[in-house]
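**Q** As a plain string of letters, each chain reads:
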Amino acid sequence: MFGHVWRHNAPHPHHHRPDPVAADALAGEPVEDFIIDVHSHPGPGTNFFYQGGGVDDLLRVMDRTGVDYSCFSAYTAIGPDFVRGNELVAGAVRDHPTRVIGFAVPNPNYPELAKEELIRRVDEQGFRGIKIHSTTHEYPIHGPNYIPVYEFADDHRLPILSHTYDSPARIRQLATTYPNARFIWAHAIWQHIRTPDLALTVRDLPNVFCEMSGSGNRRGQIEAFVRVAGVESAVFGSDYPVLGQTWQMGNVAHADLTHEEKRKIFSENIRGVLGL
Amino acid sequence: MAVTELFDANCAVGMVSRPGPAGAFLNADELEAHQARFGIGKALVYHSLAVEEHPAAGNELLLQATESHGNLIPSWLALPHHTGEFPKPARFIEELRSAGVRAVRIFPDQQRFLTDDWVSGELFETLAGQVPLFWHIDRLDTPTARELHRVSTTHPDLQIVICDVDKMINRTITPLMREAPNIWLETGGYRTHRGIEYLSNAVGADRMVFGTKLPWQAVGPPHAELMYADIDDDARRAIGSSNLDRLLAMAAW
Chain B
132 MFGHVWRHNA PHPHHHRPDP VAADALAGEP VEDFIIDVHS HPGPGTNFFY QGGGVDDLLR
192 VMDRTGVDYS CFSAYTAIGP DFVRGNELVA GAVRDHPTRV IGFAVPNPNY PELAKEELIR
252 RVDEQGFRGI KIHSTTHEYP IHGPNYIPVY EFADDHRLPI LSHTYDSPAR IRQLATTYPN
312 ARFIWAHAIW QHIRTPDLAL TVRDLPNVFC EMSGSGNRRG QIEAFVRVAG VESAVFGSDY
372 PVLGQTWQMG NVAHADLTHE EKRKIFSENI RGVLGL
Chain U
5 MAVTELFDAN CAVGMVSRPG PAGAFLNADE LEAHQARFGI GKALVYHSLA VEEHPAAGNE
65 LLLQATESHG NLIPSWLALP HHTGEFPKPA RFIEELRSAG VRAVRIFPDQ QRFLTDDWVS
125 GELFETLAGQ VPLFWHIDRL DTPTARELHR VSTTHPDLQI VICDVDKMIN RTITPLMREA
185 PNIWLETGGY RTHRGIEYLS NAVGADRMVF GTKLPWQAVG PPHAELMYAD IDDDARRAIG
245 SSNLDRLLAM AAW
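Which chain is which? The protein sequence lines are B and U, in order.
Per our numbering, residue 132 is the first one in the first sequence, and the count goes up by one each step.
Per our numbering, residue 5 is the first one in the second sequence, and the count goes up by one each step.
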């Protein structure tokens, strides 16, 4: 790209020297650290348009940003057809096992089929996580049809990525009821501003992580979350292509955190959970 | 790559009621120092009190805040004149000229006025061909999009930069910008997968200007959207700075 001249010419005050991650992002170069994006949805937008969105397109964006692995759950799976969506991801895992981690989606409105899907995708096809979407499936995360999902995750020690704006009390209840499951709360870091109890709650829950994707991008919000919850509670997730992976790359790369803290967010906190 | 600096089309100086955890920029030095971290060498700035208190107060404070800061280019907020709280457009444009202010902003949603011609038409007609208008929106929803289309076609010489857009707007912004060649997009809120690349192809890289929405929003995300976009260096330079230079050059003073 065009980064090298920029990297050396960019006017930085002497008191602020960018770390290697920020320097890469300033230049538009792939970030060299090992990076896992825990939140992405291959497939066309179901109710709005973005260019691309297919598996190859998402991989191409990963090449540009420097993301090594992305956790895929198909857009159509969190929408109308979770079987079709899981099948799309199975193909991506099969074709790109060193870039794609499959997260199986169960729709709790089809409980029998959902259980079959989890068994097939995880036990037979190597998916390493579960994605639930209580909003689009319009089913509460504490509803009875999710209990087999949580039990499955607990038995298999799997991460569950959940789009939810539920209360910190609900998060604590699930995390302590299913201690072998790992809960990744999507969009939670920007929620921290409106719900400060969230960071206080997850701080004491070793099987809970929060990611930063979403529409709120207040200046300093990641740093504020880390100060309260501890950096071990934060993981990198972009929700791309619904949003931009590049957008969240900039959010983390330029956060006022140390390089070591960024490394933890980018991969070290979640790497073991995903078996990498 | 010959990119030398970025020009931020959308940022504010001054105290704000609801800053993020990192706070606001209480003076020009603080704003400039933060922007320098990202290679932002120039900024088209307004004063936070112009939107959160009143344009008359904020516009005056802006000139004080940016005095002796040549890389902070002042932009003033405008209101319709009917209530007597703001000058008539003919006088307002003389004040712009006298102060050397080359850009005008409106926040019709936040400041509760209509953009119909019986309310704002005289302002639009006065600015047309003279000064670019930065139109800050809450959302690109149906009535807002229809109004942007109506104003841009009714006043074809009025250059309108849509500011503070959000995600999921491609199905609206694409035909809007194709229909109205006098509509531009400020990219600070355009958080869309490959969005800048897409719009560069769909309507042209010459129709976008880089913005940050400081102090409310972090710079990193919109900066990364521009830097990682799969566009050529000329297009990146245009969006990053030269389009805004070109836009501001229309004001002869």
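Keep in mind the hints are simulated off the structure, nothing from the lab.
For glycine and all other residues, C-beta sits at the position ideal for the given N, C-alpha and C.
Hints may be right or wrong, so weigh each one.
[Stated by the list, open to error] Facing chain B, a subset of chain U residues (Cβ under 7 Å, in silico):
no.	residue
1	V20
2	S21
3	A61
4	T157
5	R195
6	Y202
7	E229
[What the hints assert, rightly or not] Simulated DEER-style distance windows between Cβ atoms:
no.	chain 1	residue 1	chain 2	residue 2	range
8	B	D328	U	A256	53 to 61 Å
9	U	Q68	B	S298	30 to 38 Å
10	U	R116	B	T307	46 to 54 Å
11	B	G361	U	P160	54 to 62 Å
12	U	D210	B	F165	37 to 45 Å
13	B	Y241	U	D142	57 to 65 Å
[Stated by the list, open to error] Computed list of chain U residues with no C-beta within reach of chain B, every gap over 12 Å:
no.	residue
14	E64
15	A94
16	R101
17	D161
18	M172
19	T176
20	G192
21	H197
22	N205
23	M231
24	A256
**Q** Next step is simple, just say for each hint if it's right about the structure.
**A** Structure-based check of each hint:
| no. | hint | result |
| --- | --- | --- |
| 1 | V20 | violated, 11 Å |
| 2 | S21 | violated, 13 Å |
| 3 | A61 | violated, 24 Å |
| 4 | T157 | violated, 23 Å |
| 5 | R195 | holds, 5 Å |
| 6 | Y202 | holds, 4 Å |
| 7 | E229 | holds, 5 Å |
| 8 | B/D328 <-> U/A256: 53 to 61 Å | holds, 56 Å |
| 9 | U/Q68 <-> B/S298: 30 to 38 Å | violated, 46 Å |
| 10 | U/R116 <-> B/T307: 46 to 54 Å | holds, 48 Å |
| 11 | B/G361 <-> U/P160: 54 to 62 Å | holds, 56 Å |
| 12 | U/D210 <-> B/F165: 37 to 45 Å | holds, 38 Å |
| 13 | B/Y241 <-> U/D142: 57 to 65 Å | violated, 38 Å |
| 14 | E64 | holds, 26 Å |
| 15 | A94 | holds, 39 Å |
| 16 | R101 | holds, 32 Å |
| 17 | D161 | holds, 31 Å |
| 18 | M172 | violated, 4 Å |
| 19 | T176 | violated, 10 Å |
| 20 | G192 | violated, 10 Å |
| 21 | H197 | violated, 3 Å |
| 22 | N205 | violated, 8 Å |
| 23 | M231 | violated, 3 Å |
| 24 | A256 | holds, 31 Å |
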